[in-house]
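2 protein chains.
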Amino acid sequence: MQNILLIGAGRSTYSFVEYIKAHSESENWFLTIADQNLELAEEKAAKHPRMKAISLDVQDEIQRVHAISKADVVVSMLPAHMHIPVATDCIALGKHMLTASYISKEMRALDERAKEAGVVLINEIGVDPGIDHLSAMKVLDEIRDAGGEVKLFESFTGGLVAPEYDDNPWNYKFTWNPRNVVLAGSAGAVKFIQEGKYKYIPYHQLFRRTEIVSIDGYGKFEGYANRDSLSYREVYGLHDIPTIYRGTFRRPGFCRAWDVFVKLGMTDDSYQIEVDPEMTYRDFTNLFLAYNPNDSVELKLMHYLNIPQDSELMHKLEWLGLFSDAKINMTKPSPAQVLQKILEEKWTLGEDEKDMIVMFHKFGYELKGEKRMIESSMVTIGKNSKETAMALTVGLPLAIAARHILNGNISTPGVQIPISKEIYLPMLEELKENGISFTEREVDYKGY
Amino acid sequence: MQNILLIGAGRSTYSFVEYIKAHSESENWFLTIADQNLELAEEKAAKHPRMKAISLDVQDEIQRVHAISKADVVVSMLPAHMHIPVATDCIALGKHMLTASYISKEMRALDERAKEAGVVLINEIGVDPGIDHLSAMKVLDEIRDAGGEVKLFESFTGGLVAPEYDDNPWNYKFTWNPRNVVLAGSAGAVKFIQEGKYKYIPYHQLFRRTEIVSIDGYGKFEGYANRDSLSYREVYGLHDIPTIYRGTFRRPGFCRAWDVFVKLGMTDDSYQIEVDPEMTYRDFTNLFLAYNPNDSVELKLMHYLNIPQDSELMHKLEWLGLFSDAKINMTKPSPAQVLQKILEEKWTLGEDEKDMIVMFHKFGYELKGEKRMIESSMVTIGKNSKETAMALTVGLPLAIAARHILNGNISTPGVQIPISKEIYLPMLEELKENGISFTEREVDYKGY
Chain R
1 MQNILLIGAG
11 RSTYSFVEYI
21 KAHSESENWF
31 LTIADQNLEL
41 AEEKAAKHPR
51 MKAISLDVQD
61 EIQRVHAISK
71 ADVVVSMLPA
81 HMHIPVATDC
91 IALGKHMLTA
101 SYISKEMRAL
111 DERAKEAGVV
121 LINEIGVDPG
131 IDHLSAMKVL
141 DEIRDAGGEV
151 KLFESFTGGL
161 VAPEYDDNPW
171 NYKFTWNPRN
181 VVLAGSAGAV
191 KFIQEGKYKY
201 IPYHQLFRRT
211 EIVSIDGYGK
221 FEGYANRDSL
231 SYREVYGLHD
241 IPTIYRGTFR
251 RPGFCRAWDV
261 FVKLGMTDDS
271 YQIEVDPEMT
281 YRDFTNLFLA
291 YNPNDSVELK
301 LMHYLNIPQD
311 SELMHKLEWL
321 GLFSDAKINM
331 TKPSPAQVLQ
341 KILEEKWTLG
351 EDEKDMIVMF
361 HKFGYELKGE
371 KRMIESSMVT
381 IGKNSKETAM
391 ALTVGLPLAI
401 AARHILNGNI
411 STPGVQIPIS
421 KEIYLPMLEE
431 LKENGISFTE
441 REVDYKGY
Chain A
1 MQNILLIGAG
11 RSTYSFVEYI
21 KAHSESENWF
31 LTIADQNLEL
41 AEEKAAKHPR
51 MKAISLDVQD
61 EIQRVHAISK
71 ADVVVSMLPA
81 HMHIPVATDC
91 IALGKHMLTA
101 SYISKEMRAL
111 DERAKEAGVV
121 LINEIGVDPG
131 IDHLSAMKVL
141 DEIRDAGGEV
151 KLFESFTGGL
161 VAPEYDDNPW
171 NYKFTWNPRN
181 VVLAGSAGAV
191 KFIQEGKYKY
201 IPYHQLFRRT
211 EIVSIDGYGK
221 FEGYANRDSL
231 SYREVYGLHD
241 IPTIYRGTFR
251 RPGFCRAWDV
261 FVKLGMTDDS
271 YQIEVDPEMT
281 YRDFTNLFLA
291 YNPNDSVELK
301 LMHYLNIPQD
311 SELMHKLEWL
321 GLFSDAKINM
331 TKPSPAQVLQ
341 KILEEKWTLG
351 EDEKDMIVMF
361 HKFGYELKGE
371 KRMIESSMVT
381 IGKNSKETAM
391 ALTVGLPLAI
401 AARHILNGNI
411 STPGVQIPIS
421 KEIYLPMLEE
431 LKENGISFTE
441 REVDYKGY
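Quick note, the sequences are listed as chains R and A, same order.
Yeah, the first sequence ends on 448 if you go by the working numbering, and it's all consecutive.
Yeah, the second sequence ends on 448 if you go by the working numbering, and it's all consecutive.
Hints may be right or wrong, so weigh each one.
Where chains are identical, the list cannot tell them apart; a pair therefore holds if satisfied intra-copy or between any two copies.
Okay, derived cross-link-like pairs now, BS3-like style, lysine-lysine, Cα gap no bigger than 30 Å in a straight line [said to hold, decoys possible]:
no. : residue 1 : residue 2
1   : K446      : K21
2   : K300      : K371
3   : K220      : K383
4   : K346      : K197
5   : K263      : K197
6   : K421      : K446
7   : K138      : K220
8   : K138      : K300
9   : K191      : K263
10  : K341      : K197
Treat the hints as calculated values from the structure; they're not laboratory data.
Bound conformation, chain R alone (with noise of 0.2 Å):
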């Protein structure tokens, strides 16, 4: 019997669960599931003959190389920065291990001893970064193989609500961690090339410079800058390519209206704001407003961001209750924190409501002095409230490359992530068995 330890119960494990309990049985598997909350993880685990649930704390060194040692392959869903010690103990033991999270520094730094140790470690392989690896370097290396070359990428990710769940003025509600949805690309300047231009854009412009695209039954989407496009020349074997950008899926109109916020200063997360227990939402706004007691604090909104009043995005601004009389009742916040709960209460995806991840790549290259595009498209609807589109993308390729080291089959040691085409072949192939697949399109060639 083979033994995976899976650390981290959150609730974009669920796809991953199902698919190692559907093949336990047939390949002879056996599933520990560790949470420190143990309750989480019985839940999941659901008293199911071949799996168990276990309380891990995993700062207790103690705790965690006991777990890890009784594993032949250890998945940690934990958020990113915890994964090293991880790392560390399955270097150590001898066992293999993934992670759907951007490889840290200090995880390639590992390489060298996993190599040593024969430690498959493969990151970035969940939805994005994941499946965005998998089905671009798919097409990049079918265009180098015909003896095309690459001269424009792009790729968008977005996770939306479903369309038939898609109600409110914002097109929008979370699907995932809030919080990073409130922080997303405020950490610094975003960085991308454009036709051999380099380009930078600084975090209070960033919703302001969008760029829109069109997939076939879905509509619109607005995308923006994710922060570093430029590392990915390396990642993908595009060391020359003139134009490389990654982005962020919206609905249109989001980000104009999301600037708002961003140009007030509410995405601060930096800072904690003096808050009496009578403040309310309209208290909160007119805290980054200029002192008038004679102007309206909507007029006072209006007038600093010239937003007309009759505007879609004026609309967006009050059915938030940016303007309302609620009560905040936090102690100490930061700007950050009070916007999360204000979106939170009404950007809350209803239990029986679906998501739906939407992945866009555009290939632009030129054959025998031909130029030539590609578009590539995946849209996944959730199933329920259980089998996410955020969990079944996460989740499954997760499963399908642990499925894979067992059965060895993956076996290329050191820290990694899947561009490699015996990774991406047969796990687009499984992908696609699983209902998440990729429509691609020749279109005529329209550079910048």
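Add chain A to chain R, keeping to what the hints say.
For chain A alone, kept in the frame of chain R given last:
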């Protein structure tokens, strides 16, 4: 004979050294000028019989302790983060110490130890902070002593070019560390309170939320907010004051134009840009604008930030050379470093040009049911390229305080700032004798 040790011999130490030299015979003082750069120290000591220069690496504990052990009072003109080892040694050796820097947390933590050792450790005794404390506390105490209640306190300081040499479209030249000017305000959100309402301004809006102040004989100034005005409620004993605001002066029109650099992202010091050897100022500007090969850099900028072509603002940008074909010639600079280089070419104060320090306070208060207001202002013009307004207003308070410590007039031990009557009264008196004086006048009360 009493010994004074000056650590750091930069250009703002000139007036300090002159004052000590002038009093050295009558007071029987000896001044040791220490700097990592011995030549710089020697130039300042000028072979005067009561002065000597030494080479001192302040990181070298043996050198540092040795030098401090021979002094009666130590004046540290080092960058703020380097004061702590000096302060620690001063406490250990029972030597008094002065700095013109803001008190850091680490410095404040030494208070108990300083008191135990009987050491007077005064910080914030330059111009801003320094003369602002002295002059503000005098009026605040007068109002309170008369039974008044302070309702409003605003304070601004600016280091500017003297009117006679104010000959460029920005009405600004560097009279102080250019790097600090480029990064001003970027460390975090601004906090103040106005008529009882807390207000927060994010960095990227800071230069759009200004206030205009007139000073008789010197025209109009424009103030933008300093980072944290709220902490001065405690410092000045103004716990429940409804309005407190501290800011920095520029000439009108400066801030709106500076805002262009902020909005573009040119003041960002957190990352390095890719620079090829041919990169020009124009290319630098274009890094922050959307790609479009058919539009000029000028047009893209004007459109992006909504700047009219025939505006004074556009003239300011063109005059600086932001669209010029001059080469950058830097290796891996941050945007802020490139901007500093561009500005230094145009904003450097000429050898025979003079600078100016402008300080302004506004005090609103209620006395016997009546609302009153006092304005207090100070303008100091540099005498020549060595006795600059900056050197005078930083160096003289330090020197005068050193004298009072050596004479025993200032003797309360502990880590402190100059806000007690025993300190500010004699100091303001002597500053006045040296030409640094405040004009106070009653004006009509004007709230918000």
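Now for the hints, and whether the structure bears them out:
Within a single copy, K446 and K21 get their C-alpha atoms no closer than 46 Å, and across copies no closer than 74 Å, so neither meets the 30 Å cut-off. For a Cα distance limit of 30 Å, the shortest separation of K300 from K371 across copies, 28 Å, qualifies, whereas the shortest one inside one copy, 51 Å, does not. Proximity of K220 and K383 under a CA criterion of 30 Å is satisfied intra-copy only: 22 Å inside one chain copy versus 65 Å between copies. When the C-alpha separation of K346 and K197 is checked against a cutoff of 30 Å, the pair qualifies only between copies, where the shortest distance is 27 Å, while the shortest distance within a copy is 40 Å.
When the C-alpha separation of K263 and K197 is checked against a cutoff of 30 Å, the pair qualifies both within a copy, at 27 Å, and between copies, at 20 Å. Within a single copy, K421 and K446 get their C-alpha atoms as close as 28 Å, which meets the 30 Å cut-off; across copies the closest is 73 Å, which misses it. Taking CA atoms no more than 30 Å apart as the test, K138 paired with K220 passes inside one copy only; the shortest distance there is 25 Å, against 64 Å between copies. Neither within a single protomer nor between protomers do K138 and K300 lie at most 30 Å apart by alpha-carbon distance, with minima of 52 Å and 37 Å respectively.
With identical chains, the CA atoms of K191 and K263 are at most 30 Å apart both within one copy (20 Å) and between copies (16 Å). Taking the shortest Cα distances, K341 and K197 sit within 30 Å of each other only across copies (22 Å), while inside one copy they are farther apart (40 Å).
Of the hints listed earlier, those the structure fails to meet are numbers 1, 8, in rising order.
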